[in-house]
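Undergrad: Here is what each chain is made of, one letter per residue.
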Amino acid sequence: MSGIKGPGSAKDPGLESTPGMDPFADTLQRLREAFSSGRTRSAEFRAAQLNGLSRFLRENKQLLQETLARDLHKAAFHSDISELILCQNEVDLALRSLHTWMKDEPVAKNLVTQLDSAFIRKEPFGLVLILTPWNYPLNLSLVPLVGALAAGNCVVLKPSEMSKCAERVLAEVLPRYLDQSCFAVVLGGPEKTGKLLEHEFDYIFFTGSSRVGKIVMAAAAKHLTPVTLELGGKNPCYVDDNCDPQTVANRVAFFRCFNAGQTCVAPDYVLCSPEMQARLVPALQSAITRFYGNDPQSSQDLGRIINEKHFQRLRDLLSCGRVVIGGQSDESDLYIAPTVLVDVQETEPVMQEEIFGPILPIVNVRSLGQAIDFINRREKPLALYVFSKSSQVVNQMLDRTSSGNFAGNEGFTYLTLTSLPFSGVGKSGMGRYHGKFSFDTFSHHRACLLSHSGLEMLKNIRYPPYSDCRQKLLTWALGSHSCNLL
Amino acid sequence: MDPFADTLQRLREAFSSGRTRPAEFRAAQLNGLSRFLRENKQLLLEALAQDLHKSAFEAEVSEISISQNEINLALRNLRAWMKDEKVSKNLATQLDSAFIRKEPFGLVLILSPWNYPLNLSLGPLVGALAAGNCVVLKPSEISKNTEKVLAEVLPRYLDQSCFAVVLGGPQETGRLLEHKFDYIFFTGNPQVGKIVMTAAAKHLTPVTLELGGKNPCYVDDNCDPETVANRVAFFRCFNAGQTCVAPDYVLCSPEVQAQLVPALQSAITRFYGDDPQSSPNLGRIINEKHFQRLRGLLSCGRVVIGGQSDESDLYIAPTVLVDVQETEPVMQEEIFGPILPIVNVRSLGQAIDFINRREKPLALYVFSKSSQVVKRVLAQTSSGGFCGNDGFMHLTLASLPFGGVGSSGMGSYHGRFSFDTFSHHRACLLRPPGLEKIYAIRYPPHTPRNLRVLLMAMGTRSCSCTLL
Chain A
1 MSGIKGPGSA KDPGLESTPG MDPFADTLQR LREAFSSGRT RSAEFRAAQL
51 NGLSRFLREN KQLLQETLAR DLHKAAFHSD ISELILCQNE VDLALRSLHT
101 WMKDEPVAKN LVTQLDSAFI RKEPFGLVLI LTPWNYPLNL SLVPLVGALA
151 AGNCVVLKPS EMSKCAERVL AEVLPRYLDQ SCFAVVLGGP EKTGKLLEHE
201 FDYIFFTGSS RVGKIVMAAA AKHLTPVTLE LGGKNPCYVD DNCDPQTVAN
251 RVAFFRCFNA GQTCVAPDYV LCSPEMQARL VPALQSAITR FYGNDPQSSQ
301 DLGRIINEKH FQRLRDLLSC GRVVIGGQSD ESDLYIAPTV LVDVQETEPV
351 MQEEIFGPIL PIVNVRSLGQ AIDFINRREK PLALYVFSKS SQVVNQMLDR
401 TSSGNFAGNE GFTYLTLTSL PFSGVGKSGM GRYHGKFSFD TFSHHRACLL
451 SHSGLEMLKN IRYPPYSDCR QKLLTWALGS HSCNLL
Chain B
1001 MDPFADTLQR LREAFSSGRT RPAEFRAAQL NGLSRFLREN KQLLLEALAQ
1051 DLHKSAFEAE VSEISISQNE INLALRNLRA WMKDEKVSKN LATQLDSAFI
1101 RKEPFGLVLI LSPWNYPLNL SLGPLVGALA AGNCVVLKPS EISKNTEKVL
1151 AEVLPRYLDQ SCFAVVLGGP QETGRLLEHK FDYIFFTGNP QVGKIVMTAA
1201 AKHLTPVTLE LGGKNPCYVD DNCDPETVAN RVAFFRCFNA GQTCVAPDYV
1251 LCSPEVQAQL VPALQSAITR FYGDDPQSSP NLGRIINEKH FQRLRGLLSC
1301 GRVVIGGQSD ESDLYIAPTV LVDVQETEPV MQEEIFGPIL PIVNVRSLGQ
1351 AIDFINRREK PLALYVFSKS SQVVKRVLAQ TSSGGFCGND GFMHLTLASL
1401 PFGGVGSSGM GSYHGRFSFD TFSHHRACLL RPPGLEKIYA IRYPPHTPRN
1451 LRVLLMAMGT RSCSCTLL
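Here the protein sequences come in this chain order: A and B. So in the numbering used here, spot 236 of the first sequence is number 236, and the numbers just go up one at a time. Add 1000 to a position in the second sequence, counting from 1, and you land on the number used in the numbering used here.
Hints were generated in silico from the structure; no laboratory data involved. Among the clues, some could well be false.
As the list claims (entries may be wrong) - Okay, derived cross-link-like pairs now, SDA-like style, lysine to any residue, Cα gap no bigger than 20 Å in a straight line:
{"#": "1", "chain 1": "B", "residue 1": "K1180", "chain 2": "A", "residue 2": "C469"}
{"#": "2", "chain 1": "B", "residue 1": "K1375", "chain 2": "B", "residue 2": "S1347"}
{"#": "3", "chain 1": "A", "residue 1": "K61", "chain 2": "B", "residue 2": "S1347"}
{"#": "4", "chain 1": "B", "residue 1": "K1086", "chain 2": "A", "residue 2": "Q396"}
{"#": "5", "chain 1": "B", "residue 1": "K1102", "chain 2": "B", "residue 2": "G1411"}
{"#": "6", "chain 1": "B", "residue 1": "K1369", "chain 2": "A", "residue 2": "M457"}
{"#": "7", "chain 1": "A", "residue 1": "K214", "chain 2": "B", "residue 2": "H1203"}
{"#": "8", "chain 1": "B", "residue 1": "K1369", "chain 2": "B", "residue 2": "A1263"}
{"#": "9", "chain 1": "A", "residue 1": "K222", "chain 2": "B", "residue 2": "K1202"}
{"#": "10", "chain 1": "A", "residue 1": "K109", "chain 2": "A", "residue 2": "D92"}
{"#": "11", "chain 1": "A", "residue 1": "K472", "chain 2": "B", "residue 2": "S1065"}
{"#": "12", "chain 1": "B", "residue 1": "K1086", "chain 2": "A", "residue 2": "E410"}
{"#": "13", "chain 1": "B", "residue 1": "K1148", "chain 2": "B", "residue 2": "L1167"}
{"#": "14", "chain 1": "B", "residue 1": "K1144", "chain 2": "B", "residue 2": "A1056"}
{"#": "15", "chain 1": "A", "residue 1": "K472", "chain 2": "B", "residue 2": "R1452"}
{"#": "16", "chain 1": "A", "residue 1": "K389", "chain 2": "B", "residue 2": "L1095"}
{"#": "17", "chain 1": "A", "residue 1": "K109", "chain 2": "B", "residue 2": "R1076"}
{"#": "18", "chain 1": "B", "residue 1": "K1041", "chain 2": "A", "residue 2": "T475"}
{"#": "19", "chain 1": "A", "residue 1": "K214", "chain 2": "B", "residue 2": "V1192"}
{"#": "20", "chain 1": "A", "residue 1": "K222", "chain 2": "B", "residue 2": "V1303"}
{"#": "21", "chain 1": "A", "residue 1": "K459", "chain 2": "B", "residue 2": "R1452"}
{"#": "22", "chain 1": "B", "residue 1": "K1369", "chain 2": "B", "residue 2": "R1346"}
{"#": "23", "chain 1": "B", "residue 1": "K1289", "chain 2": "B", "residue 2": "I1142"}
{"#": "24", "chain 1": "A", "residue 1": "K103", "chain 2": "A", "residue 2": "K61"}
{"#": "25", "chain 1": "B", "residue 1": "K1041", "chain 2": "A", "residue 2": "C469"}
{"#": "26", "chain 1": "B", "residue 1": "K1089", "chain 2": "B", "residue 2": "F1099"}
{"#": "27", "chain 1": "B", "residue 1": "K1369", "chain 2": "A", "residue 2": "G454"}
{"#": "28", "chain 1": "A", "residue 1": "K472", "chain 2": "B", "residue 2": "V1061"}
{"#": "29", "chain 1": "A", "residue 1": "K389", "chain 2": "B", "residue 2": "P1433"}
Take the sequences, apply the hints, and build the full model.
TA: Now the structure itself:
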């Protein structure tokens, strides 16, 4: 039956509103009512929310740094660079650009619409759900939130229960800075999240694994809810023979070990020739020692694994192939040493799952072509890296593969450019965000045509019955030469 | 056992070979589409007449011409659309090349419906081909004659290693959907939309769903009834009402209704004569099942115009119903026929509440001489598209994104939006090799000074990425 919700009924007729049965019903109802009231529509309201976010970041900087240190052993430097500053930049950009982004966009018209007003109106979807992961628990909660709020939505944020300290700050401190009739944080593990997903949302933004991404999309399908899924995969890193091994090693080691490897866009494995490998390995050792000292476990700048389960998973991966750098681990500290593995087989676990740790396997290929084939046989990754002095090699790799994002001779610095859309493709995701792309992701772009209420003489021409000549005239008027351009 | 496996394999291999990537190849496909339309115009007009009793006028305007426009637009703009889009950089990336690369997804599935079987197949197809994808087209089996032309004639104009038409009903479509595609474009009803999206979720396939719903048409007290009646009747009865964006029901005061009904009768008589069944300009219902469904709706409320039907001709008369209850079937399902119920409201506010209590429609119409009224409805409702004081003309503008919201759909297309829909926008950063001394500042061990420099390089003050 074509949906009628029925006057005054809750949006989820399938759920009884028995208190305690559905822990989310009241919250969602409250947010929906706030949205219907139109409270989030004005630019002033949205700017106030964004300013609230900004104050949250500024006034709690110390708390946030400590939080990230406790959850992931993030050094203050790392927290600033990869979480706090990125969020602040996004908030500032949104505040600066809000009015522009919100404006109706006039569009080109054809002959029959010359006298009309034609434009695209940006509208919030309504009630947005943001599900965020544990590896960059602030950044990956707040950056989507910026977009959702700037676009005028009401938001439910469900942070990961695994990054417990960040979860607490987001649940207890953040709401004080926002209008709580339009924003709520809900907590819970997989089971609770499943129940949350039974409800109807107007948009769902999910960052996490591909496996859970499928579950989210299937749940969204029941309500025809559009989604953005920021997923993951194994990000290949091709190192060409024609390169400077130390420069490459610096960059690869840095981006692999950042946040103890728990980054969705980190280089996951290296593809290179055996000759290149022989030069790369010592260079990687040199870089790792320079970065983290002779005893990386005592370095302030190296993160820790989020929890016991992932630690065990990673420890098992240490027995794949052959360890040439690192290989140590310490369960009491959830510490995995920066590790390089060689002689790995494609069938081994380290080449089967996204590593998400400071372990770098090297797989040998004999040519660029072989590397490209290897990459194309596998799922499209979230990121793809190529290191080569030859721009031809870089461009060939770019042209003949696909991935969410791509970098030549660099790691994931592109993340800092809000002018680039951050997205996956294939199993690594769908939809995109950052900067204006966030605003657009959380907005419905409504096609609008405002015509004159009179001038019927002009429009009469299109009504039946038709003469041949009238038909020709109309076809011409609607035709391509009169339709200007995009 | 699997009737599709070979076809899909063939198309995937063609895509992997890179054949569809060059602009020349894509332009050749688009030119092929163009020739298909030009060389088979008569055949297509006949097919559409057989399927839906479409008049030559309607077929020209709403199927052939609109498809041709899309092809021409794509041909004219292909290279511009394909170009890498440079983006603004911050200090940290000043020396780099930063741009967005448009890439085809790979193997695209287009599922199209029976009401505009040509346009709703070719429109998306233009976008998919322009974007460099390989395409499987599954046209509706209900519009049999057009299905045949698309299956037997169209492929001859395209590179068949990169394009295939598959046929079948709901069951075959279900089996087709078990396969993995890189993009699925579906036009049809919300129920099937859910099925498509659920199937897509299994493979994490992105989708565009062009669905439907009941498109409200608010008629303000402040209007000229005859003008409004012309426009509403025309757009309601176009293609015998079988249009996803047709005005589905009218909301107005009893006073307006009293003026509107005779004006509607006058318009209908002027358009289709005293015996609309003999007008060459009125379409027919697609099949028996929908005819019966519509005939059932004729007993809702009270007939004030039309109400006749003829099963042997699949003919439903242009009909207006009044005194309809919200609970009656005619106000519960998308009508998709030449029947227009009128529901009374006592104010603009009441009309807006009525609309907002229901699912977001694909289109929303407001008729009023007051631009304030039009703007208020626009501001206080949501819908895929919106038109003040006219019917679905917004369709004809390729510069407007055509799509739904909520249960009327997700994603959009037409013009450049089609190209973008069928493209992955890949973020690219190319750094010149070397210059390691500059970048060394970011490596551990970290000092506060290093942090300050880095923050400045990434930061908002120096951030030149303000252009977006």
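Undergrad: Does each hint hold? Answer for all of them.
TA: How the hints compare with the structure:
1. For the given pair, K1180 of chain B sits about 49 Å from C469 of chain A by alpha-carbon distance, which is inconsistent with the 20 Å threshold.
2. Taking the CA atoms of K1375 of chain B and S1347 of chain B, the gap is near 15 Å; set against the 20 Å cutoff, the hint holds.
3. Our distance criterion of 20 Å between C-alpha atoms is broken by K61 of chain A and S1347 of chain B, whose separation comes to about 52 Å.
4. For the hint pairing K1086 of chain B with Q396 of chain A, the CA-to-CA distance comes to about 19 Å; that is within 20 Å, so the pair holds.
5. Proximity of K1102 of chain B to G1411 of chain B is assessed by CA-CA distance (about 17 Å); at most 20 Å being required, the pair is judged to hold.
6. Of the pairs offered as hints, the one joining K1369 of chain B and M457 of chain A holds, with about 16 Å between alpha carbons and a cut-off of 20 Å not exceeded.
7. Restraint check: the Cα-Cα separation between K214 of chain A and H1203 of chain B comes to about 8 Å, which is no more than 20 Å; the hinted pair holds.
8. Taking the CA atoms of K1369 of chain B and A1263 of chain B, the gap is about 17 Å. The hint holds against a cut of 20 Å.
9. Pair hint K222 of chain A plus K1202 of chain B holds up; C-alpha atoms about 14 Å apart against a cutoff of 20 Å.
10. A C-alpha spacing of about 35 Å is found between K109 of chain A and D92 of chain A, which places the hinted pair above 20 Å, so the restraint is violated.
11. Restraint check for K472 of chain A and S1065 of chain B: satisfied, since their Cα atoms lie roughly 11 Å apart, inside the 20 Å limit.
12. With a CA separation close to 18 Å, the supplied pair K1086 of chain B and E410 of chain A stays within the 20 Å bound.
13. For the hint pairing K1148 of chain B with L1167 of chain B, the CA-to-CA distance comes to about 9 Å; that is within 20 Å, so the pair holds.
14. This hinted pair checks out: K1144 of chain B and A1056 of chain B have alpha carbons roughly 18 Å apart, not beyond 20 Å.
15. Of the pairs offered as hints, the one joining K472 of chain A and R1452 of chain B is violated, with about 68 Å between alpha carbons and a cut-off of 20 Å exceeded.
16. At roughly 15 Å between alpha-carbon atoms, K389 of chain A and L1095 of chain B fall within 20 Å of each other, so this suggested pair holds.
17. In summary, the hint linking K109 of chain A to R1076 of chain B is supported, as the alpha carbons are separated by about 17 Å, within the 20 Å threshold.
18. Of the pairs offered as hints, the one joining K1041 of chain B and T475 of chain A holds, with about 14 Å between alpha carbons and a cut-off of 20 Å not exceeded.
19. Only pairs whose Cα atoms come within 20 Å are accepted, and K214 of chain A paired with V1192 of chain B is accepted, the gap being roughly 19 Å.
20. For the hint linking K222 of chain A to V1303 of chain B, the alpha-carbon distance of about 37 Å lies beyond 20 Å, and the restraint is violated.
21. For a cut-off of 20 Å, the pair hint linking K459 of chain A to R1452 of chain B is broken: about 64 Å separates their Cα positions.
22. Using a Cα cut-off of 20 Å, the hinted pair K1369 of chain B and R1346 of chain B holds, with the two alpha carbons roughly 18 Å apart.
23. Of the pairs offered as hints, the one joining K1289 of chain B and I1142 of chain B holds, with about 11 Å between alpha carbons and a cut-off of 20 Å not exceeded.
24. For the hint pairing K103 of chain A with K61 of chain A, the CA-to-CA distance comes to about 33 Å; that exceeds 20 Å, so the pair is violated.
25. The hinted pair formed by K1041 of chain B and C469 of chain A meets the criterion: a straight-line CA distance of about 18 Å does not exceed 20 Å.
26. Distance hint between K1089 of chain B and F1099 of chain B is fulfilled; the C-alpha atoms sit about 10 Å from each other, no more than 20 Å.
27. Distance hint between K1369 of chain B and G454 of chain A is fulfilled; the C-alpha atoms sit about 8 Å from each other, no more than 20 Å.
28. For a cut-off of 20 Å, the pair hint linking K472 of chain A to V1061 of chain B stands: about 10 Å separates their Cα positions.
29. Proximity of K389 of chain A to P1433 of chain B is assessed by CA-CA distance (about 5 Å); at most 20 Å being required, the pair is judged to hold.
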